[in-house]
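There are 2 protein chains.
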Amino acid sequence: MSEVDVLIVGAGPAGLMLALWMARLGVKTRIVDKRTDKIFSGQADGFQVRTLEILDSFGIGERVWKEANHLLEVSFWNPDENGQIRRDGRAPDTIPNISRFTESVMHQGRMEAFFLDAIKASTSPKHPPIQVERCIMPTSLDIREDLVDDENAYPVEVTLRYLSEDEATPTSRLSNLQDGLFRSNLTASDTESIIEKTNGSCKEEKVKARYVVGCDGAHSWVRKSLGPEFAMVGESTDAIWGVLDIIPITDFPDIRNRCVVHSAESGTVMVIPRENRLVRLYIQLKEVSTEGGRFDRSQITPELIFESAQKILRPYSLRYHYIDWWTAYQIGQRSGNHFSKLDRVFLAGDAVHTHSPKAGQGMNVSMQDTYNLGWKLGLVCKGILRPEVLSTYELERKQIAKDLIAFDQKFSKMFSGRPAKDILDETGVSMNELQNAFKLSHLFTSAVGISYQPSVLTHEQQINGHTGHNDVLSPETVNRCRVGMRFASYKAVNQSDARPWEMQHQMPSDGRFRVVVFGGDISDPAQLSKVNALGDWVSKKLLPRYPRIPLSPASSPHTGLLRFTTEQDPSVIDVLLVHAAKREDIEPLRDLHEAYHPFDEKLGWDYGKVFVDGESYHEGHGRAYEGYGIDKKEGAVVIVRPDGYIGLKTRVDEADWAQIDRWFEGVVKPRAPE
Amino acid sequence: MSEVDVLIVGAGPAGLMLALWMARLGVKTRIVDKRTDKIFSGQADGFQVRTLEILDSFGIGERVWKEANHLLEVSFWNPDENGQIRRDGRAPDTIPNISRFTESVMHQGRMEAFFLDAIKASTSPKHPPIQVERCIMPTSLDIREDLVDDENAYPVEVTLRYLSEDEATPTSRLSNLQDGLFRSNLTASDTESIIEKTNGSCKEEKVKARYVVGCDGAHSWVRKSLGPEFAMVGESTDAIWGVLDIIPITDFPDIRNRCVVHSAESGTVMVIPRENRLVRLYIQLKEVSTEGGRFDRSQITPELIFESAQKILRPYSLRYHYIDWWTAYQIGQRSGNHFSKLDRVFLAGDAVHTHSPKAGQGMNVSMQDTYNLGWKLGLVCKGILRPEVLSTYELERKQIAKDLIAFDQKFSKMFSGRPAKDILDETGVSMNELQNAFKLSHLFTSAVGISYQPSVLTHEQQINGHTGHNDVLSPETVNRCRVGMRFASYKAVNQSDARPWEMQHQMPSDGRFRVVVFGGDISDPAQLSKVNALGDWVSKKLLPRYPRIPLSPASSPHTGLLRFTTEQDPSVIDVLLVHAAKREDIEPLRDLHEAYHPFDEKLGWDYGKVFVDGESYHEGHGRAYEGYGIDKKEGAVVIVRPDGYIGLKTRVDEADWAQIDRWFEGVVKPRAPE
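Same order as they appear, the protein sequences are chains U and R. Heads up, the first sequence is in the UniProt record's numbering, so the first residue is 1 and it goes up one at a time. Heads up, the second sequence is in the UniProt record's numbering, so the first residue is 1 and it goes up one at a time.
Rather than coming from a laboratory, the hints here were simulated on the basis of the structure. Any given hint might turn out to be false.
Identical chains blur together in the list; that is why a pair holds if it fits in one copy or across any two.
Okay, derived cross-link-like pairs now, EDC-like style, lysine to aspartate or glutamate, Cα gap no bigger than 16 Å in a straight line [claimed, not checked]:
no., residue 1, residue 2
1, LYS602, ASP251
2, LYS421, ASP631
3, LYS421, GLU594
4, LYS602, ASP324
5, LYS410, GLU460
6, LYS398, GLU584
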């Protein structure tokens with residue numbers, strides 16, 4: 001019986017995101033998947049801007065950004081007074097200025113390949129390699145409840161079964177047809193039948209794990225093994241949708257735009273232009289009915305789906321020579337009431353929430369689940385974080401799942417509905433309403449507007465008389481520093497070499513907490529002395545109390561100045577200063593406390609931690625203080641969690657240092673005596 | 001005896017750039033190098049902005065851009081009235097707005113690694129792989145003059161000798177010292193002694209080549225084999241300079257800026273901050289004299305060089321723990337009078353020009369030599385280009401070498417000179433003069449201001465009453481479309497999907513010519529009809545006359561919309577339209593000739609060729625017409641060569657089509673009858 005810190009079941013985007021965290025943090029991890037095959041076409045394809053920011057924090061965002069098709073414009077097509085479709089309006093697909101990225105599409109298989117590359121690149125002699133073990137499925141899972149409170153125990157016992165390649169290949173995939181029906185919710189899970197079929201005939205292995213995470217999809221075996229209270233709750237509608245990935249040959253003018261096309265009588269199509277000249281079409285199948293709960297799956301063919309699309313797009317012509325993939329699904333919205341059992345077994349991704357794919361949310365919310373869980377699990381395994389922090393996973397992510405289901409119900413309904421003929425047509429869907437819903441939901445669907453609840457990780461602090469959460473969220477203010485929300489990215493200029501940096505590039509996903517000191521106008525001696533007093537306190541009182549974290553060598557993908565210090569004095573707390581004085585007025589070695597340019601006997605001073613909110617020579621002015629909503633005179637102090645969310649916002653003044661102290665005390669274990 | 005189209009001698013940056021072209025174009029090529037070892041530290045490190053543009057056209061610019069240290073600011077330190085150094089001024093290191101890149105530094109070994117990766121990635125089943133063959137040197141080279149005019153012949157016969165690893169390792173490298181003296185001009189060539197030592201004892205091979213290119217450095221064996229008229233011409237000064245790559249520990253405030261520090265009495269240092277906390281120091285060695293022509297090489301040690309730097313930087317402290325590399329050199333400026341023999345053997349890089357390294361020119365001019373030569377050689381080998389075009393290599397690049405030597409003489413002299421005490425001190429160098437020279441030379445050193453002479457490839461055309469070359473070059477106008485100069489990059493918005501693109505990203509180095517139609521305001525029906533008439537002529541008359549070019553699959557690194565057409569109808573001429581109407585006013589399939597959205601039976605229309613000079617949703621307005629200096633009403637037609645230089649600029653009007661015709665007739669062979 002072998003031991004492992006973390007056992008991940010399922011190697012889709014959620015499982016691989018988690019494995020990447022573990023690789024970066026150097027945690028002993030196994031990841032198994034019952035399927036033999038990687039995904040080569042189809043499946044999920046949407047990347048929301050927050051997801052791209054997260055991928056970028058691991059250094060793989062730019063690979064996606066380069067290969068993906070960027071969705072810049074959405075157009076809305078509706079019937080005119082004669083019932084013929086016409087373009088009713090155009091809008092940006094992503095609200096300008098909420099992120100440096102825009103919504104993009106690329107097929108899931110490439111994303112998985114990028115994860116595998118990044119996991120491999122994170123391997124170092126100090127860290128055990130992590131490789132996906134395919135054709136392996138769990139067949140039993142037991143939690144030793146007497147051991148769950150023992151930090152050093154391995155309380156989860158799992159039996160793993162080694163399948164042959166045949167057994168691990170989904171039967172519907174044995175044909176040559178590139179369809180995704182076998183992963184669709186129209187098809188029952190084959191897990192039970194595989195288990196039954198292979199009973200007694202396969203090699204098995206017992207594994208003891210400190211933590212197990214089920215990233216094993218909508219039919220999650222891990223979820224089922226946890227008992228009936230983990231069942232998904234929710235409903236299905238009767239609507240059946242088909243999906244085609246084709247290279248279209250069409251005179252429809254907006255085929256390279258994201259479009260919502262509502263026909264008068266033939267239903268709705270959503271057009272998603274993809275990479276490599278592909279276009280994905282989501283088409284409502286009016287011909288297939290599920291009323292009564294049962295229908296004939298063989299009714300659904302790519303021809304049927306395609307003909308529906310042709311009807312909707314009339315009078316424009318539509319044909320194709322090349323089809324890449326197709327599937328169909330029934331709209332169902334469900335989520336689990338529990339995301340964790342005893343904070344030892346966790347569920348993530350489709351295993352705890354399913355919904356319709358048209359808003360491009362699935363892969364994103366799934367990866368963001370394990371992005372939220374990963375650093376917590378990893379730092380607990382390394383003895384750095386207090387295990388109580390693990391309970392924030394369910395707290396933070398269950399709400400997102402609920403919000404997602406609520407959004408999807410509203411969105412799908414409007415999407416599937418018949419367009420209203422006029423203002424008196426109450427059973428039809430008003431197209432203005434759809435366009436507005438599309439815009440209003442964008443802060444949620446892009447995930448930049450997500451805000452985590454108050455907890456040990458997100459202290460609500462009064463600052464200037466109001467908390468961040470009292471602000472009304474709007475595209476104009478969504479990037480402000482608010483507790484519970486992501487630390488947005490603005491450009492600031494390095495004090496010592498004049499290079500402008502995206503602030504998020506100074507915060508790679510390496511497991512470290514960041515204390516960002518917005519120093520304000522430090523050309524004012526009084527303000528400078530406050531900032532230096534804080535630096536003195538941080539370096540003499542705060543940092544010495546907390547542990548160091550040995551980092552994987554690939555963990556700082558964006559810092560051209562490789563941070564040697566993280567190898568030598570890898571404090572779990574990184575200190576950055578962003579000031580608002582003129583760059584020429586500050587000589588850092590002379591003016592600033594050494595906390596802001598730590599000295600190393602072999603490497604000299606670190607010039608990579610002080611930034612100016614000012615004009616750069618070639619890339620303009622980042623206007624970071626304005627964007628973050630920070631007062632230029634007084635500044636502020638912000639604690640950023642390892643996942644880039646803001647844990648605390650407070651003032652530079654000595655009176656507020658205790659809040660910083662208290663925050664870290666609740667989260668990070670004190671350094672072990674040496 | 002084996003046959004090869006192109007034999008490259010020397011696998012430094014010049015040789016590898018050439019090999020990359022050959023790999024992309026699918027030309028049978030061998031590249032040999034006498035050294036066993038790659039470069040792991042030191043050597044050249046400067047990347048000028050034009051070089052970055054070129055590397056980006058092969059899809060490897062972003063790797064350099066990410067790893068390199070960007071030089072943003074230069075500061076000038078001079079003695080004050082008491083003889084103590086003080087910062088006299090700061091300036092941007094790269095003039096703003098001349099390119100999307102800025103000068104950057106990264107060591108040569110990484111560049112070579114990126115080339116090797118890109119060459120490997122260009123391999124396809126259709127193309128023979130190209131691999132560097134190390135420990136191989138030529139020992140004889142003969143040109144069969146009777147065969148040089150036969151396009152199908154292999155007139156160059158070369159003997160290659162296979163060395164053992166010991167023989168291929170430079171003797172001074174057998175110590176553990178990471179120094180570059182063995183490559184310095186202070187050390188004599190070891191080529192002759194290796195040849196003599198290994199006579200008779202090594203395996204040899206005879207190769208017949210259509211073309212041979214000597215990229216084998218300052219001691220070029222290929223150059224020597226061509227005879228005495230190929231000898232380098234020029235002078236050496238007496239000044240000896242030392243170079244150190246260290247991680248400095250210093251309180252000198254500008255150690256992360258590029259600096260020129262002139263001390264009152266102790267000489268000059270240039271500071272070049274590098275990647276990974278390294279800093280390169282160029283230091284004038286006053287203690288070592290070469291007067292009389294001879295000096296003792298053992299005098300030069302890293303300690304001596306370092307102590308000189310310490311003196312110059314006083315009163316600031318300077319020490320180090322880690323030294324990466326060091327070398328020394330004597331300033332010598334020489335170039336060859338001939339860059340080619342019979343257009344069958346060519347010389348490039350250090351083999352035909354050497355100079356001082358302080359302006360960061362060497363690696364750049366060398367790579368730009370073979371970037372200029374590569375497409376010509378490759379397309380001639382493929383039977384696409386007229387062989388006469390090969391003579392433009394010497395025409396275009398010899399002038400650059402001469403200009404470089406002239407610049408370097410002036411720059412080095414000012415740099416080595418004693419700073420003037422006051423305005424009456426005529427033997428001293430005025431510091432204002434130095435700063436001005438630094439700025440004025442930037443259009444040359446950045447290479448964006450380079451202009452190739454009139455030839456079959458660069459037709460001087462009268463447009464609006466004056467030729468491009470009559471303009472005075474300035475940073476404000478250097479990016480205008482001018483015959484002989486590079487096609488600069490501005491952003492324009494894709495008509496069909498609203499995505500903004502750098503125009504250079506639509507022009508990857510894939511061997512194709514581009515006809516860029518600046519259509520002007522095509523919402524004016526008269527202008528639209530001119531543009532469509534041109535499209536009709538291009539697709540019916542121009543394109544059918546010229547051949548197709550099968551491209552390597554990796555040849556379009558930046559086009560998210562993979563251009564399937566290049567596989568199916570890979571015309572050697574690519575047509576792009578950039579118009580100045582409002583994007584919403586144009587429906588491309590309805591309004592524009594099919595030349596601008598070619599139709600393919602299997603893939604439908606190509607949406608990747610029409611661009612708008614307009615506002616994008618997220619990245620502002622590119623103001624391309626303004627930047628290119630094109631009239632928004634009338635537009636213009638520009639022919640861009642495969643290396644991104646402008647071959648012709650003319651009007652959209654029918655009257656000027658004959659100029660386009662004539663240009664291609666002089667350069668490209670007509671399509672072979674099918």
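Here's how the hints hold up against the structure:
| no. | hint | in the structure |
| --- | --- | --- |
| 1 | LYS602 - ASP251 | between (66 Å within a copy, 14 Å between copies) |
| 2 | LYS421 - ASP631 | neither (51 Å within a copy, 48 Å between copies) |
| 3 | LYS421 - GLU594 | neither (69 Å within a copy, 38 Å between copies) |
| 4 | LYS602 - ASP324 | between (56 Å within a copy, 13 Å between copies) |
| 5 | LYS410 - GLU460 | neither (31 Å within a copy, 64 Å between copies) |
| 6 | LYS398 - GLU584 | neither (48 Å within a copy, 43 Å between copies) |
Of the numbered hints stated above, those contradicted by the structure are hints 2, 3, 5 and 6, listed in ascending order.
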